[in-house]
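Participant: If you read the sequences in order, they're chains L and E. Using this note's numbering, the letters of the first sequence correspond one by one to residues 124 to 343. Using this note's numbering, the letters of the second sequence correspond one by one to residues 31 to 141.
Bear in mind the hints are in silico, worked out from the structure with no lab data behind them. All values derive from a computational prediction rather than experimental measurement. Do not rely on the hints blindly, as some may be mistaken.
Said to hold, decoys possible - These stretches of chain E come out as covered by chain L in the derived footprint (C-beta under 8 Å, 3 or more residues): (1) 61 to 70; (2) 93 to 101.
To be verified - Calculated Cβ distances over 12 Å to all of chain L for the following chain E residues: (3) Thr47; (4) Glu48; (5) Gln49; (6) Ala52; (7) Arg53; (8) Ala54; (9) Ala56; (10) Arg57; (11) Ala75; (12) Ser83; (13) Thr84; (14) Leu87; (15) Arg107; (16) Ala110; (17) Ser111.
Note that beta-carbon positions come from the ideal geometry of N, C-alpha and C, so glycine has one too.
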Amino acid sequence: MITTQANILATAVGPHLFWITSRAAGIAALLLSSLSICIGLLMGGALLKGRRSELRVTHEALSLATLTALALHGLSLLGDGYLHPSLGDIAIPFLSGYKTLWTSMGIVAFWMLAVLGLSYYVRTRIGVARWRTLHRFTALAWILGLAHSLGEGTDAGQTWFLAMIAIVAVPAIALLLARLSSWRERPATPQALPAQPQHTSRKLSAPAIRQPDWSDHGLA
Amino acid sequence: MDSREQPSRRPSMPHSTEQLRARALARDRREAMRRRTRRIRRSVASLAAVLFSTAFLVIYVQLASGHDPALVANAKRAAASTASSESSSGSTSSSGEESSSGASAVTTSQS
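Chain L on its own, in the form it takes in the complex (with noise of 0.2 Å):
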């Protein structure tokens, strides 16, 4: 009886097995994008002041368990049999037919990841502040995914996965707003400083550079 309904179970979804496997890494790599997201944020704020190397260790380690879900993602569609889409349709943006402007959006969002994210390892290369200034736009690459995920996903207007799905995204927006407010109440420039003494006019004559304080990744 047993066998004979999983038989009928994988009658049923053998063909939709490379399908099943793309939206499921989808859904992982979304809710593991937006943990990283708000320990990003947690780690560059001042909510957590205290272990801060396990921190920088969980979101170094959450980004690239979402990077190789991302991979899964778009890979395991190739083997899908409705689709069949080509590799250039899965990596490059707007080339597949398939809801062009949701599929462009997703595919922008993961080279974003991509490049956003595993430029930490030749950030001396690049420069570790311009590295932390170009970081801040993984917020954005999420945010595309997110967008991505509510208008292409199959179980988009499922109860569970918009129940899932806010679950981890409602904090990090939340944390998302409340870094973007910190930051434009902080004065960006030095005229925008309260007047100094008279005897430190030199130093603050010299050109300030804005040191942004999204995250220090242990790299202070």
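Keeping the supplied structure of chain L fixed, place chain E upon it in accordance with the hints.
Facilitator: This is chain E only, laid out in the frame that chain L set:
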């Protein structure tokens, strides 16, 4: 790896007990940090595997039980097109008296 863990030995400068103790403490702390790092990486890898497996299982069951959103939508679309084609063929095969009303019904369903 071992060469980094070993404190550099300078035979000309003998180490005081305090220095040796400080170095041992630093070594212990480094080792503890490495252990924590390994544990965190393993936990994240497990979390990723659990998330993927759970999502796979949910979609699998949804699909096998005939509740998959994409397939249900396709089935509905197919049923609607079959129904419209059936009504179309039914109207064309009907008698000449009903042909005018049949044609209007098809036009309505297609629009």
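Participant: Confirm or reject each hint.
Facilitator: Now for the hints, and whether the structure bears them out:
Counting residues of the segment 61 to 70 of chain E whose C-beta lies closer than 8 Å to any C-beta of chain L gives 4; at least three are required, and the coverage claim holds. Counting residues of the segment 93 to 101 of chain E whose CB lies closer than 8 Å to any CB of chain L gives 5, which reaches the minimum of 3, so the coverage claim holds. Distance check for Thr47 of chain E against chain L: the nearest CB is about 29 Å away, which clears 12 Å, and the non-interface claim stands. The claim that Glu48 of chain E is not at the interface with chain L holds, since no C-beta of that chain comes within 12 Å of its own (minimum 26 Å).
With a least beta-carbon separation of about 25 Å from chain L, Gln49 of chain E lies farther than 12 Å from that chain, consistent with its non-interface assignment. Distance to chain L confirms Ala52 of chain E as a non-interface residue, since its nearest Cβ pair spans about 20 Å, more than 12 Å. Distance check on Arg53 of chain E: its Cβ is at least 20 Å (rounded) from any Cβ of chain L, clearing the 12 Å threshold; non-interface status holds. Under the 12 Å C-beta cut-off, the non-interface status given to Ala54 of chain E relative to chain L holds; the minimum distance is some 20 Å.
No Cβ of chain L approaches the Cβ of Ala56 of chain E within 12 Å, the least distance being about 15 Å, so the stated non-interface status holds. Annotated as non-interface, Arg57 of chain E keeps its C-beta farther than 12 Å from every C-beta of chain L; the closest such distance is 17 Å. For Ala75 of chain E, the shortest C-beta to C-beta distance to chain L comes to about 7 Å, within the 12 Å cut-off, and the non-interface label is violated. A beta-carbon of chain L is positioned within 12 Å of the beta-carbon of Ser83 of chain E; the least distance is around 8 Å.
The claim that Thr84 of chain E lies off the interface is violated: its Cβ sits roughly 8 Å from the closest Cβ of chain L, which falls inside the 12 Å cut-off. Annotated as non-interface, Leu87 of chain E brings its C-beta within 12 Å of a C-beta of chain L; the closest such distance is 8 Å. Once the 12 Å rule is applied to beta carbons, Arg107 of chain E is consistent with being away from chain L; the minimum gap is 14 Å. Distance check for Ala110 of chain E against chain L: the nearest CB is about 19 Å away, which clears 12 Å, and the non-interface claim stands.
Residue-level check passed: Ser111 of chain E sits 18 Å from the nearest beta carbon of chain L, beyond 12 Å.
Going down the numbered hints, you'll see the structure goes against 11, 12, 13 and 14, while the others check out.
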